[in-house]
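Chemist: If you want the building blocks of each chain, they are given just below.
Protein chains: 2
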Amino acid sequence: MNIRFFNAKIFKTKENHTFEIVNGQLWVRDNKIIYIGDGLDIQEVFDKGEDPIVWDREIDVEQNLLMPGFKNAHTHTAMTFLRSFADDLPLQSWLFDSVFPREGQLTPDDVYHLDILGIMEYLTSGITSNFDMYFFPPQNAQASVDCGFRTVQTSGLNDFGGDTALMEENYNICNSLGELSSFIIGFHAEYTTKKELMEDIAALAQKVKSPLFAHNSETESEVKDCIKRYGKTPTQMMDSLGMFEYGGGGYHCVYMSEEDIDIFKKRGLYAVTNPCSNLKLASGIAPVKRFLDEGIPMGIGTDGPASNNSLDFFKEMYLTATLAKVREKDAACVSADQVLYMATCDGAHCMGLDDCDRLEVGKKADLIMLDLQQPNMQPENNIIKNIVYAGSKQNVKMTMVNGKILYEDMKFNIGFDPKEVYAKANEIIGRMK
Amino acid sequence: MNIRFFNAKIFKTKENHTFEIVNGQLWVRDNKIIYIGDGLDIQEVFDKGEDPIVWDREIDVEQNLLMPGFKNAHTHTAMTFLRSFADDLPLQSWLFDSVFPREGQLTPDDVYHLDILGIMEYLTSGITSNFDMYFFPPQNAQASVDCGFRTVQTSGLNDFGGDTALMEENYNICNSLGELSSFIIGFHAEYTTKKELMEDIAALAQKVKSPLFAHNSETESEVKDCIKRYGKTPTQMMDSLGMFEYGGGGYHCVYMSEEDIDIFKKRGLYAVTNPCSNLKLASGIAPVKRFLDEGIPMGIGTDGPASNNSLDFFKEMYLTATLAKVREKDAACVSADQVLYMATCDGAHCMGLDDCDRLEVGKKADLIMLDLQQPNMQPENNIIKNIVYAGSKQNVKMTMVNGKILYEDMKFNIGFDPKEVYAKANEIIGRMK
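Residue numbers (our numbering), protein chains in the order written: chain A, 18 to 450; chain B, 18 to 450.
Treat the hints with care, since some could be wrong.
Identical copies go unnamed one by one, so any copy, or any two together, can satisfy a pair.
Mimicking SDA-like on lysine to any residue, the simulated pairs with C-alpha atoms at most 20 Å apart in a straight line are [claimed, not checked]:
no., residue 1, residue 2
1, 441, 38
2, 428, 388
3, 29, 57
4, 346, 302
5, 346, 301
6, 421, 437
7, 31, 432
8, 346, 107
9, 428, 390
10, 436, 77
11, 211, 249
12, 346, 238
13, 436, 24
Hint data in this document are derived by calculation from the structure and do not stem from the laboratory.
Looking at chain A on its own, in the form it has when it is part of the complex (with noise of 0.2 Å):
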């Protein structure tokens, strides 16, 4: 599809990390953007070879905001059955009768579809891709294929299933997907995991020369435990059996000691927080400030809708500034800005989709529009801090993918009937009780 988005205020990302709004066209062709503008230097760009566009849309966005789209950079789609199932429990409970027994039953059919009720959500809050951890990746990857959404899938193996053997035929097959799917190394987590596992899975990581990520220093058991086991915190066990020789990074990373920060200073990784989860399941609130401040890049993630329970890129992005500055008790840090950039620039970049995290010509036109006229958007003093601090999933009118819209103004365009997705998850679930 050739689209002509016009009439628009188009969020540009500057070097400094810092954004400004301009106002012009931005024109998409098959899955890139090719020009933004004024639209008065047209000849230009074709004088450097474009051919003619014959537009199959000329969308006129009426002053409303052309962004990149949200990266939701650690999650778990197809929890979806789970969602409100069991909440309001301990922790342990919750996890050992609830979701693991149910977990258990799941199909590789199931999963599939599931994951396109969770792809739906992400795509009426902004969110342009995922980083998804679950059972049976190639059924996840193909759900997004087909629903035209991009993911990057990882593995959660660990002790209860699965081998590394399993894991690169996961990577191999996601891989050839097409453009929408890929796959980065990646296991459960150290507490669930045997060292002799963990040292299989470094050396596949060093094979294909991926990055690896997996939870990390989630809740402060978790780290207490690791050091009693070993000596070390999980950033270092991790480090010290050679699992990031090609970088990549931690999901939650809540409870980090100083040696944790000087290695993920050391070897680029990413620090991927997940604030709606650490608060419903009481885990505590991640040290933003100091990741920023240290430079430490960073995405930001929902986790999986049973933890969290939504997939609401607002929410998340509200609250990883908010929550630094009750932490810090410093109203002034961990500003708007910041938050902008981990939710779309550096997450893409943890999720290894460079030319997915900036609206800049020959970028894929992985974007969205969000409706500026709408009482929580006014008056606009900032618009970016509108849209951090009281922007809602309402404000969204339009996701695209890879050049494709795929959910406009409340409707969804991924070939599946809403219907028909909903009445499966049900089934899923009904049948598990």
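Fit chain B to the known structure of chain A by using the hints.
Modeler: Positioned in the frame of chain A, the structure of chain B alone reads:
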């Protein structure tokens, strides 16, 4: 208007502060609920003396949810003009350099228009009434009445202007504007109000037999300074002046002593929590679990849009539950049911709106329709938990106040053109820059 809702899920409040969801019809005649049931016992209704009804509208709810509107139990609505005007600043500089100098320039007419912008945002979030403290209460109340929105005004009196004679005048005006407007005695806070003025305010509350509300123990330094001044906490000080003879309560209530808790229990005071504002201004996390354990009734408020920056009740409800969990390191504490009870019933009682607290025959028709056919509300494992933990403004299909639909399918029906409301808000802040 007479409106018959059918094919609905209906949210009913039970005596033990929990809820059940039943299928059926809900009828509104003029401003009241006159029937809830399966529609099969209609004759019985008329046998009880109801006249036959000519329906103005019959609405197929399509198995979505009708529930009581949310009560915003603390806000400064007309601060919309300062939304995102000066964030990510230290509290003192935000207040003294940005907020106060501009508030001083507001006219009554400005406040009227800025209030309408806030009301529009309330409606998008399912809020059907507000407990509002700001300059010019009669103008704020008039804006509400003109929109058809329900408001409870209070005074923000302090040492920087006004007196109790003006407050009494405002009390009389706001209580005479019809059933959508009322006034409860209040003042800004101990830290902005001399003892002599607080004594006058206490005398006025006793004279008119009103409950009394004020900001209370929002920050640690506020409490420390009060103890230094009087040897008493703000709660103790206010109580010692006879301010709570007819009940009332406090806004924020983050730093509470044992004796404060005792006073709240003894006087039957309401603790109104404002979690978004408390995070964003780095004030702290309120002891919500403690209030609930002690049986202290609670309301939830957005605070003003300059400190929040939105007027989004879903964000507040989510944080009321989840901040308690992280504060107490207990994922099981403060349930979704408890939060919804605050958001609807306790909030209404706190504001003196006993006839707006639940869906029941004879109660005022302050109610909302939530769209359950969206991905964040599926599967329907538990609708109550879905609302609190996964709900968003996007799920609000309709907001009805006093029997009149003011917001439906993202369109407003308040007698004002949104574009003009936005333009006016931009003009007001533009004038001040």
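Chemist: None of the hints should be skipped; say for each whether it holds.
Modeler: Here's how the hints hold up against the structure:
Within a single copy, residue 441 and residue 38 get their C-alpha atoms no closer than 42 Å, and across copies no closer than 22 Å, so neither meets the 20 Å cut-off. Taking identical chains as interchangeable, the C-alpha atoms of residue 428 and residue 388 lie at most 20 Å apart whether they share a chain (15 Å) or sit on different chains (14 Å). For the identical chains of this complex, residue 29 and residue 57 are intra-copy neighbours only, at 19 Å inside a copy versus 60 Å across copies, given an alpha-carbon limit of 20 Å. In this assembly of identical chains, residue 346 and residue 302 lie within 20 Å of each other by CA distance both inside one copy and across copies; the values are 13 Å within and 11 Å between.
Proximity of residue 346 and residue 301 under a CA criterion of 20 Å is satisfied in both settings, with 15 Å inside one chain copy and 8 Å between copies. Taking the shortest alpha-carbon separations for residue 421 and residue 437, neither the intra-copy value of 22 Å nor the inter-copy value of 34 Å comes in at or below 20 Å. For the homomeric pair residue 31 and residue 432, neither the shortest alpha-carbon distance inside one copy (36 Å) nor that between copies (42 Å) is at most 20 Å. Proximity of residue 346 to residue 107 under the C-alpha cut-off of 20 Å is restricted to the inter-copy arrangement: shortest distance 10 Å between copies versus 28 Å within a copy.
Taking identical chains as interchangeable, the C-alpha atoms of residue 428 and residue 390 lie at most 20 Å apart whether they share a chain (19 Å) or sit on different chains (12 Å). In this assembly of identical chains, the alpha carbons of residue 436 and residue 77 lie at most 20 Å apart only when taken from different copies (17 Å versus 30 Å within one copy). Taking the closest pair of Cα atoms, residue 211 and residue 249 come within 20 Å of each other only inside a single copy of the chain (14 Å); across copies the shortest separation is 57 Å, beyond that limit. For the identical chains of this complex, residue 346 and residue 238 are inter-copy neighbours only, at 12 Å across copies versus 25 Å inside a copy, given an alpha-carbon limit of 20 Å.
Within a single copy, residue 436 and residue 24 get their C-alpha atoms only as close as 35 Å, which misses the 20 Å cut-off; across copies the closest is 17 Å, which meets it.
The structure shown violates the earlier hints numbered 1, 6 and 7.
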